[in-house]
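Protein sequence lines, in the order shown, are assigned to chains R and E.
Each residue of the first sequence is one higher than the last, beginning at 855 in this note's numbering.
Each residue of the second sequence is one higher than the last, beginning at 855 in this note's numbering.
Some hints could be false.
Straight-line Cα separation of at most 20 Å, SDA-like style, residue types lysine to any residue; simulated pairs [said to hold, decoys possible]:
1. E/Lys997 / R/Asp971
2. E/Lys997 / R/Gly972
3. E/Lys1082 / E/Asn1154
4. E/Lys995 / R/Glu973
5. E/Lys995 / R/Gly972
6. E/Lys1082 / E/His1048
7. R/Lys995 / E/Glu973
8. R/Lys995 / E/Asp971
9. R/Lys997 / E/Asp971
10. E/Lys995 / R/Asp971
Don't read these hints as lab results, they were simulated from the structure.
There are 2 protein chains.
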Amino acid sequence: MAERFDEDALHAVGVRIDAEHPEGIIFDPHQPQLRVTDLSAVRGDGIFETMLAVEGHVRKFTAHLQRLQRSAQITEIPLPPDSSWRAAVDLGLDEFRTRGGLPDELAVRITASRGVDGEPASDDPAFSGTYWVLLTPVSSKVKDSRGRPISVTLLDRGYDSTAPQRAPWLLLGAKTLSYAVNMAALRWAAAHGHDDVVFTSSDDLVLEGPVSSLLLGHRTADGQVHLKTPSAEAGILPGTTQATIFRAAEQAGWQTSSGPVTVAELHAAEFLWLTGSVKLVSPIARIDDHEVRVDAELTNSLLDFLSQEG
Amino acid sequence: MAERFDEDALHAVGVRIDAEHPEGIIFDPHQPQLRVTDLSAVRGDGIFETMLAVEGHVRKFTAHLQRLQRSAQITEIPLPPDSSWRAAVDLGLDEFRTRGGLPDELAVRITASRGVDGEPASDDPAFSGTYWVLLTPVSSKVKDSRGRPISVTLLDRGYDSTAPQRAPWLLLGAKTLSYAVNMAALRWAAAHGHDDVVFTSSDDLVLEGPVSSLLLGHRTADGQVHLKTPSAEAGILPGTTQATIFRAAEQAGWQTSSGPVTVAELHAAEFLWLTGSVKLVSPIARIDDHEVRVDAELTNSLLDFLSQEG
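Could you build the full structure based on these sequences and the hints that come with them?
What follows is the structure, given as structure tokens:
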């Protein structure tokens, strides 16, 4: 476990947002910040986004804030205004500069907890919960992993694909802190010799990874590339990285689509990738016992699409 | 929200367990204790139990510790020895005595977090996570609610009843901190005029409440009482309160059983209750639009069974 964090993690910066500090105030992430009664720690009752800042620029900040708002609506967790999040992130970036150097890449995690039950932090609903930003230098290990082929295992997420529509209390479109199952799936994969997971529905649709989106690709007869991703209706978190890739791909003349993807379709796919905001793009070279073709040139195109952004 | 906590909550006592304090050390729950990088707050990645202490005696402590151990095995979260939990709870009880008075009833929540990723709190695996006990006086509101008839709504939990067997990574037998869905279900119920929820599987079996177990009861032809509870195989947390009731009921000559319970069987049940460690027993008087008979005498018998214990 220890090797998952290198010395860079020791240099993380925290920024808290509250009614008295709507533009944020710096804290030391090595010091306790949360009460044990904070609902984030009591019941995983909060929402979050993880973004990538490159040379001090946060990629697709607006898309992440929009997804955070969607999570907030679903979970009924009140949020500070977007301007607070942006100011708090800026404050954190400045803190790095003041300390003598902005790392080339930072993982920027923004978290909104429902707060302490029965004790709103402020009478202003926009600041009634607990809000913080954590900026952590991206380790060389994570940087090196980008673009590298991975092996995944297909794991049933237990829900059928109609669950999100019929049971909104399952919060399937929200990115909540209740991630124990996602982490258990990743542990299961590691214990069985895989790098990552692709979740399936109980009715055999392909969904997403525990912390990533899935892309399928094939070269069409005319030499074009077609990218496809499972549709969000099945209870998938809409991927901001996937969306950025699709936008750039369309501009490059590629075809893109989203829709239901069956397990059979997954196995028939020519190329597959997992995408995420910090790990960016990982080509899938194996699904359980099935080899999958890997095309380094295509993977580099996807990585290029992401670096064009903003 | 504010009325859910009365002034008693201000007098909670916290006890932390770590390698330097294997028998616990007192902390003030109003002061920050957790780093924002603690996995309890990052990903709801921890496990817990909530117990009831009456006049300084923790009810069914052993059963809760056993269930915590089961959660720990499923989630691979290392735990301090039982003796640490017991000593820490004793320390918390003593703190109340020192302060001038042990409340007649305390909710005692024990929590084990996986800790901070990549930074184990100790080289000793038994203390590598973050561990704490929170003792909170039970409010008069909760006390008054015991035995009172409630209205519940049936909500689909999305999983079918075979999910626990085929997909252990769903952690269905573990009591984890990832409770956002349970809380969302309770909010849904409240918004629709109900007090609580009974979860169903997608294949129409009846499961449990978000924070309680379900009991079915009927009087048999010979005047006996038969209690039934849904079987744990369907992905239910085995209820410690339900188990205590069943043990005492059997000693009183009642019949008990556990097995699959269909929605039709639920609607045909003569009596229904939700049971939990702190709220004890709540007779169900309504399931959505269906009235259910309530028998105050039977409910009192169940409450008596619980007060006999220990």
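Exercise. Take a quick look at whether R/Lys997 and E/Asp971 sit within 20 Å of each other, Cα to Cα.
Key: 19 Å, holds
Quiz item: Are R/Lys995 and E/Glu973 close enough, with their CA atoms no more than 20 Å apart?
Solution: 17 Å, holds
Quiz item: Are the Cα positions of E/Lys997 and R/Asp971 separated by 20 Å at most?
Solution: 19 Å, holds
Quiz prompt | Satisfaction of hint between E/His1048 and E/Lys1082, Cα-Cα up to 20 Å | solution = Violated: E/Lys1082 and E/His1048 sit about 23 Å apart, past 20 Å.
Quiz item: Regarding the pair E/Lys1082 and E/Asn1154, is the alpha-carbon distance no greater than 20 Å?
Solution: 17 Å, holds
Self-check item: Distance restraint between R/Lys995 and E/Asp971, which requires alpha-carbon spacing of 20 Å or less
Solution: 15 Å, holds
Quiz item: Between E/Lys995 and R/Asp971, is the straight-line Cα distance small enough, at 20 Å or below?
Solution: Within the cut-off at roughly 15 Å; holds.
Quiz item: Has the given pair, E/Lys997 with R/Gly972, been kept, meaning a C-alpha gap of at most 20 Å?
Solution: Holds: E/Lys997 and R/Gly972 sit about 18 Å apart, inside 20 Å.
Practice problem: Take the C-alpha atoms of E/Lys995 and R/Gly972, compute the straight-line distance between them, and say whether it is at most 20 Å. | Solution: At roughly 14 Å apart (the allowed maximum being 20 Å), R/Gly972 and E/Lys995 satisfy the hint.
Quiz item: Is E/Lys995 close enough to R/Glu973, meaning Cα to Cα at most 20 Å?
Solution: 17 Å, holds
Hint compliance for this structure: hint 6 is the single one not met.
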